[in-house]
Amino acid sequence: MFAQQVAAAQPLLIGLLLLWSSYGKIVRQDSAERTALPRLVGENRAAPAYRAVGVVEAVIALALLAPPVWTVEAFAAVALAAGFTGYLVYAKIVVPAASCGCVGSSAKPIGHRAIGRALLLLATAVTAATATTGWWSAGSGALVLIPEAAAFVMLSAELDRYWLLPLRRLRLRITHPLSGTATDGIPLVATQRRLLLSPAYRAVDGLLRSDIRDYWDDEDWRFVSYTARYDGRRVTAVFAVPHHDSTPESVRVAVVDETSGQTLYRPTVPAAAG
Amino acid sequence: MTTTINRRSLLTRAALGATGLVAASAMGSLAPEAAFAAASQYPEAGQPDPNFAEGLIIGRNRDLLQVRGSDGRMHRIQLTGVTSVWKLRPTTLDEVRIGDGMYARGVLMPDGILAAESVWVNIVNLTVGITSIGRSVLNLDHHGQNVVGHVQPGLTAAVYNGTPAVSDLSMLEVGRHAQVIGAWRPGTNEIDIATIYASN
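Same order as they appear, the protein sequences are chains B and E. Numbering of the first sequence is given in full-length UniProt numbering, commencing with residue 1 and proceeding in unit increments. Numbering of the second sequence is given in full-length UniProt numbering, commencing with residue 1 and proceeding in unit increments.
By construction, these hints were calculated from the structure, which means they are not laboratory data. It cannot be assumed that every hint is accurate.
[Unchecked claim] The following label-pair restraints were derived from C-beta to C-beta distances:
1) Leu-64/E - Met-154/B: 47 to 55 Å
2) Gly-180/B - Gln-145/E: 23 to 31 Å
3) Pro-48/B - Leu-64/E: 51 to 59 Å
[Stated by the list, open to error] In silico DMTMM-like pairs for lysine to aspartate or glutamate, Cα to Cα no more than 20 Å straight-line:
4) Lys-87/E - Asp-192/E
5) Lys-87/E - Glu-54/E
6) Lys-108/B - Glu-190/E
7) Lys-87/E - Asp-63/E
8) Lys-108/B - Asp-141/E
9) Lys-108/B - Glu-158/B
10) Lys-87/E - Asp-214/B
11) Lys-92/B - Glu-158/B
12) Lys-108/B - Asp-160/B
13) Lys-87/E - Glu-190/E
14) Lys-87/E - Asp-211/B
15) Lys-87/E - Asp-100/E
16) Lys-92/B - Asp-141/E
17) Lys-92/B - Glu-43/B
18) Lys-108/B - Glu-33/B
Note that CB positions come from ideal geometry on N, CA and C, so glycine has one too.
Generate coordinates for the entire structure from the input sequences, incorporating the hints supplied.
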């Protein structure tokens with residue numbers, strides 16, 4: 001008896017789902033090109049085919065929702081769900097970058113969730129095919145639709161931003177997994193930025209030939225070395241960036257010939273104001 | 001190791017001004033402009049830049065790399081003692097391995113070998129959305145493609161709203177857009193994050 005009621009309730013869920021998905025297909029036709037349809041039926045026929053699927057979905061949905069109760073509606077839904085599942089598996093194998101095109105205009109590629117959702121739709125449609133009464137007389141069997149609908153929502157990547165993202169945000173607010181990452185160490189990219197903005201860098205910019213070759217900390221300074229060319233020779237430009245003085249003028253530079261150990265050039269930088 | 005320490009101490013003293021400057025007369029012109037005339041070739045209009053190469057490293061013989069470019073061209077790239085190597089951080093020549101992707105800039109020699117001055121290994125620059133945050137990884141959505149971004153303690157830095165980079169990643173939020181500079185782990189959809197630029 002209860003199984004009968006559950007089966008009878010299914011057309012309501014399937015009908016609403018198909019209406020939702022047909023709406024996206026009929027209204028947002030530009031989504032067709034992101035799916036695997038251009039590959040399956042040709043570039044020119046992709047958009048009409050996409051819309052045709054939407055129309056078929058809408059017709060089946062309305063037939064399921066409206067009286068009288070025909071078993072043939074449920075079988076049409078079974079065929080449609082089986083078609084979706086087959087199409088998604090085909091698209092995932094042949095055109096992995098294609099979007100699902102299932103509902104809405106998500107550009108995400110087909111994932112396991114989309115295939116799982118199609119399988120769930122297939123299962124509900126098969127259950128619906130055993131119904132003998134309409135969903136309006138399902139009684140307590142309709143309660144089963146609540147967990148089923150929840151499962152559909154959880155399998156729909158399109159809806160993540162309405163429930164999954166807020167949940168994750170809430171979790172971060174309670175305890176952020178990366179809250180222990182702050183250290184006293186200064187990231188190299190912060191040093192590099194100060195260096196790039198310094199008069200010392202401008203003074204030797206034209207000599208530099210490489211990206212950062214080496215860097216190290218020594219007491220209150222961070223040192224950063226570059227390969228440079230000076231007077232036709234390979235030399236090293238070494239910058240000294242103080243940890244505790246953030247003025248651009250505090251950055252120093254020297255151009256050094258490493259083979260002889262001689263300092264070849266050290267620009268005279270105006271002393272820091274104040 | 002000893003050479004690295006000697007090298008660094010020499011450079012440390014030089015940068016802080018503890019060493020004397022060679023007299024200008026001994027060295028010829030000391031103006032930076034005179035040194036500007038580098039020996040590199042200049043690209044011709046419409047032609048590929050001769051001083052640049054990119055691709056996948058398919059062979060390495062000591063410090064000579066065989067690289068297959070994404071346009072199908074083959075490159076030979078010579079690493080030298082003065083080549084800067086970036087692989088998540090400035091590192092050493094032996095970190096460059098077969099299977100890595102790379103970008104190189106240097107000077108094209110007459111024999112067709114590019115003498116590299118800078119090499120960036122596996123570097124990626126991605127615009128992403130942050131989909132979830134874990135203890136050591138960020139799940140990133142790169143135009144519909146899932147990318148796993150590994151956080152490297154002590155290395156991964158964050159830039160919030162364009163302010164100077166910090167090591168504190170606790171202001172990252174899910175659902176936000178971000179830009180990530182990182183090092184790709186070859187053959188996977190995973191990267192190690194060097195810098196993440198985000199808003200908060």
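Results for each hint:
Here the CB-CB span from Leu-64/E to Met-154/B is close to 54 Å, well matched to the stated 47 to 55 Å. Our hint of 23 to 31 Å for Gly-180/B and Gln-145/E holds, since their Cβ atoms are close to 29 Å apart. As the Cβ distance of Pro-48/B to Leu-64/E is approximately 57 Å, the hint placing it in 51 to 59 Å holds. Restraint check for Lys-87/E and Asp-192/E: the C-alpha separation of about 10 Å stays at or below 20 Å, so the hint holds.
Using a Cα cut-off of 20 Å, the hinted pair Lys-87/E and Glu-54/E holds, with the two alpha carbons roughly 15 Å apart. This hinted pair checks out: Lys-108/B and Glu-190/E have alpha carbons roughly 18 Å apart, not beyond 20 Å. Taking the CA atoms of Lys-87/E and Asp-63/E, the gap is near 16 Å; set against the 20 Å cutoff, the hint holds. As the CA atoms of Lys-108/B and Asp-141/E are separated by approximately 9 Å, the hinted pair is consistent with the 20 Å bound.
Between Lys-108/B and Glu-158/B the CA atoms are separated by roughly 9 Å; this keeps the pair inside 20 Å, and the hint holds. For a cut-off of 20 Å, the pair hint linking Lys-87/E to Asp-214/B stands: about 12 Å separates their Cα positions. Distance restraint check for Lys-92/B and Glu-158/B: the Cα-Cα separation of roughly 18 Å lies within the 20 Å cut-off, and the hinted pair is therefore satisfied. Between the alpha carbons of Lys-108/B and Asp-160/B the distance comes to roughly 12 Å, so the proposed pair stays at or under 20 Å and holds.
With a CA separation close to 14 Å, the supplied pair Lys-87/E and Glu-190/E stays within the 20 Å bound. Between Lys-87/E and Asp-211/B, the direct Cα distance comes to roughly 12 Å. Compliance with the 20 Å bound is thereby established for this hinted pair. Taken as a hint, the Lys-87/E and Asp-100/E pair is honoured in the structure, with Cα atoms around 10 Å apart against an allowance of 20 Å. Between Lys-92/B and Asp-141/E, the direct Cα distance comes to roughly 18 Å. Compliance with the 20 Å bound is thereby established for this hinted pair.
Annotation: proposed proximity of Lys-92/B to Glu-43/B holds, straight-line Cα distance about 18 Å (limit 20 Å). Taking the CA atoms of Lys-108/B and Glu-33/B, the gap is about 13 Å. The hint holds against a cut of 20 Å.
Comparing the model with each earlier hint shows no violations; every hint is respected.
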